[in-house]
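Trainee: Sequences are here, hints too, so could you generate the full structure?
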Amino acid sequence: MRIANNIIFIAVVSLAACIEGWQRGTRSMNSNETLYEDESHERLKLKQREFLLTKEMDGQPVECCPSISEMTEPLGGKDENGDIVQLYSGDHMTKQRFYELSCRQEVVDKPCRFLDNKLHNQSKCVQKYSFSYAIIKTNHEHLRHEHHGNSPSSGSNWYLGYIRVRSGCACEVTPRTKRKRSSHRKNRKGGNHGGNHHKKAYEDPLKT
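With mature numbering (1 follows the signal peptide of the UniProt record, and there is no 0) applied, the sequence shown corresponds to residues -21 to -1, 1 to 187, in that order.
For the record, the hints were derived by calculation from the structure and aren't laboratory data. In this text, all values refer to a predicted model and were calculated from it rather than measured experimentally. Just so you know, not all the hints are guaranteed correct.
[Stated by the list, open to error] The calculated SDA-like cross-link candidates involving lysine to any residue, where the alpha carbons are at most 20 Å apart (straight line), are: (1) Lys107 x Val41; (2) Lys107 x Glu49; (3) Lys116 x Asn136; (4) Lys103 x Leu80; (5) Lys89 x Asn100; (6) Lys89 x Val152; (7) Lys57 x Ser146; (8) Lys26 x His99; (9) Lys57 x Thr117; (10) Lys157 x Leu98; (11) Lys116 x Glu59; (12) Lys97 x Thr153; (13) Lys116 x Gln75; (14) Lys116 x Ile63; (15) Lys107 x Asn60; (16) Lys107 x Val87; (17) Lys74 x Leu54; (18) Lys107 x Val152; (19) Lys89 x Gly147; (20) Lys57 x Gln75; (21) Lys57 x Tyr141; (22) Lys26 x Leu98; (23) Lys89 x Cys150; (24) Lys107 x Pro53; (25) Lys74 x Ser135; (26) Lys116 x Val144; (27) Lys89 x Lys107; (28) Lys103 x Thr153; (29) Lys97 x Arg155; (30) Lys103 x Ala149; (31) Lys103 x Val41; (32) Lys107 x Tyr141; (33) Lys107 x Ile63; (34) Lys116 x Leu139; (35) Lys103 x Val152.
Mentor: Rendered as structure tokens:
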């Protein structure tokens, strides 16, 4: 009986330890997410930077502009000329799917993370795009003949072309522009020089 009680006691202690560890992990993950959401577009302090670098990705590289990988099944899009095109969509087996890398919503057009304080306000996270093969249809007849490849079925308007897809989230830094001196100040400065020369020319005859 005593052995059974000891076994039950050990099991309860082990379960409590597991629950406590799970709660710690949950709190750590939640605090990380909270810090990420609150500070993603604001200037991070040194301790916050170190926390994100060591905890967010478990030692893996951390993005200055975080992105999300997602699979999409669009019905339409834009080709390389910027024209709206329709994507071929059949049954479940013939649907066209694309893997896209999108900027996280909270970082778009916001300052990049982990940059030097001098460059922080000059930076922003920007959505980048590339082009992928797709079976498309457009209303412009001349565009259809310019693309290579054949249509899925003879006599149809579908052809192999390109569609624009999201390809990543990049950090762009814009250099500061130097302020130019106003033309008014230059003219005023030049006018003073002219006045001085005139005054000197007027005083010379009196000295002689």
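Trainee: So which hints don't hold here, by number, going up?
Mentor: none
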